[in-house]
Amino acid sequence: MTTPRGAAVRKAAAYAGLTVVAALVLVPFGWMISSALKRDNQVLAIPVQWIPDELRWSNFADIWSRIPLLTYLGNSAFLAVAVTLLQVLSGSFAAYGFAKVRFPGRDALFVAYIATIAVPWQAYMVPQYIMMQKAGLTDTHLSIILLQAFGAFGVFLMRQYYLSIPDDLCEAARIDGLSEYGIYRRIMLPLSKPALASLALLTFVNTWNDYMGPFIYLTSNDLWTVQLGLRSFVGQHDAEYAMIMTGAVLSVLPIAVIFLLGQRYFIRGIATSGLKA
Amino acid sequence: MADVIKPSARLAREAPLPRRRAWRDLLVGASFILPNFAGFALFTLVPMLAAFALAFLDWDSYSTPEWVGTKNFQRMLGDENFHVALRNTLYYAAGHIPLTLVAALGLALVLDRKLRGVAFFRTAAFFPYVTSLVAVAIVWNMLFNPTAGPVNQVLVALGMDDPPRWVAGTDWAMPAVIVTSVWRDMGYYMVLYLAGLQTIPKEYYEAATVDGANAWQRFWGITLPSLRPTTFFVLVMLTIQSFKVLDLIVVMTDGGPGRSTKVLAQLIYEQGIREGRFGYSSAIALVLFLIVLTATLIQFRINERRNG
Chain C
1 MTTPRGAAVR KAAAYAGLTV VAALVLVPFG WMISSALKRD NQVLAIPVQW IPDELRWSNF
61 ADIWSRIPLL TYLGNSAFLA VAVTLLQVLS GSFAAYGFAK VRFPGRDALF VAYIATIAVP
121 WQAYMVPQYI MMQKAGLTDT HLSIILLQAF GAFGVFLMRQ YYLSIPDDLC EAARIDGLSE
181 YGIYRRIMLP LSKPALASLA LLTFVNTWND YMGPFIYLTS NDLWTVQLGL RSFVGQHDAE
241 YAMIMTGAVL SVLPIAVIFL LGQRYFIRGI ATSGLKA
Chain R
1 MADVIKPSAR LAREAPLPRR RAWRDLLVGA SFILPNFAGF ALFTLVPMLA AFALAFLDWD
61 SYSTPEWVGT KNFQRMLGDE NFHVALRNTL YYAAGHIPLT LVAALGLALV LDRKLRGVAF
121 FRTAAFFPYV TSLVAVAIVW NMLFNPTAGP VNQVLVALGM DDPPRWVAGT DWAMPAVIVT
181 SVWRDMGYYM VLYLAGLQTI PKEYYEAATV DGANAWQRFW GITLPSLRPT TFFVLVMLTI
241 QSFKVLDLIV VMTDGGPGRS TKVLAQLIYE QGIREGRFGY SSAIALVLFL IVLTATLIQF
301 RINERRNG
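In the order they appear, the protein sequences are chains C and R.
The opening residue of the first sequence carries number 1 in the numbering used here; numbering runs sequentially from there.
The opening residue of the second sequence carries number 1 in the numbering used here; numbering runs sequentially from there.
Since the hints were derived computationally from the structure, they do not count as laboratory data.
You may find that some hints are simply not true.
Claimed, not checked - Derived BS3-like pairs (lysine-lysine); straight-line CA-CA distance at most 27 angstroms:
#1 R:Lys71 / R:Lys202
#2 R:Lys202 / C:Lys11
#3 R:Lys71 / C:Lys134
#4 R:Lys71 / C:Lys11
Stated by the list, open to error - Covered stretches of chain C, as calculated for chain R (at least 3 residues, CB under 8 angstroms):
#5 120-128
#6 151-158
Since the structure is predicted, the reported quantities are computational estimates derived from the model, not experimental observations.
Glycine residues also receive a C-beta, built at the ideal position from the N, C-alpha and C atoms.
Model the full assembly from the supplied sequences, consistent with the hints where possible.
What follows is the structure, encoded as structure tokens:
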């Protein structure tokens, strides 16, 4: 059954299958990049030109003067970094309390956290908006940060990880005279680097890609994220196909780099929690 | 005085009284949880509870809130926009849930091999999921262009005379949205299925092969039953995700053309935030929540019965 030739044929077939699947998944990306390097009137030409005859790299220089892309990218980066820092710090801190400190009411409180993950955000976005409006925080970056930095997801992910660290380790540290805060800082944080990396990557990517939050709260152009800026450009200049694609490539590029560098943590975070941020 | 206090203080440190220790643990525990909990309570828990109350109020941005009982829900029964949005949401779910499930399982089966370079293919399959919805929607909108888009050029080349108008037509806009969302989400659920496949002992397959089972029989007899916990979990997640779909629709079609892709979550946004009808939109939100909750509970029941 497994002659050397049969094995080689099966291997070749497996690679052929993989290539077909990868092509199907990646075609839209290929088309996006190739369109970003065309003239507007070449993008929807018949027949499709997968590789343009002339590569217009100038699109990538021109776009910066067409829309305030630098401002948008800066806003996106600021929001993503601020939300990620707060989420990782407050989430891991709270997770230590839930995983390693025993106190009355702890488990009930944790169930309340988890229950909210099941409630769709869409069901309470209106009361959130009313609250922010009354507080005068609409059209500020602070509104986005406050709404996204304290999710239950980070607590859940970190707690799962802390539970896998043996209690004996904390007990030994207590006997050595470390306070609970000392155990968190000196033992748990260093041990949980992979989980921290997962949480940080997932939060960063989610905040960077978020559309509805900024769409609801940010009205001033100079506060917009790259997602809002790009969407608005499409609305106003819907025939500038190549420029739109150039913007799309530039908006995806930072995430692509981050994902490729940290995909190990990324995928582990999803596989262990099974949840979305 | 000092002599009197010292020994007792030392005693307390070495063997704290149970009650005192409980107090201390509570304080320490609370201090860990508080920074996150304060934000969580204020910005998630309070709005969530408020949403329930708001559903029974007559309140828009100009008036004072007034308790009206179930009036908002009665109004929903006669609101054609609500009927359309509910129907479209069910349509989206009916397409998105099974197609994503099958695509994710298919990807996982193809990619669950020990071959050189398979990691690259897994990365590729997952990449759409980390791409922003705005970029995804923009690209697919152009791919689906009815006259010159690559999708229809391929269909014409394959011999189709009158290809669908996709996002430009009321009949085909929802299928276009579903195709886009399946493409984007399948890599995420593939990761869950890949994790599930790792848990199946290789001996099962070896034993089945010895008994003469072919690949198809092994799939139905071993792989699929062993993946049942994963499939259950994926189904629950997909159901929740499908019923609350919002950003993809807003960016890709904005509910159009006409009302052909308008969904419930979008109606909540339009009524509550754009029109300022806080009470009515919260009533729709409550219905959306109850639909998601019911679907999830039914799945849990089915799963329990199968396991028991």
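The hints, checked one at a time:
1. R:Lys71 / R:Lys202: Roughly 59 angstroms separates the two Cα atoms, so the pair is violated.
2. R:Lys202 / C:Lys11: 19 angstroms, holds
3. R:Lys71 / C:Lys134: 26 angstroms, holds
4. R:Lys71 / C:Lys11: 65 angstroms, violated
5. 120-128: holds (count 9)
6. 151-158: n = 4 at 8 angstroms, threshold three: holds.
Checked against the numbered hints listed earlier, the structure breaks hints 1 and 4; every other hint is satisfied.
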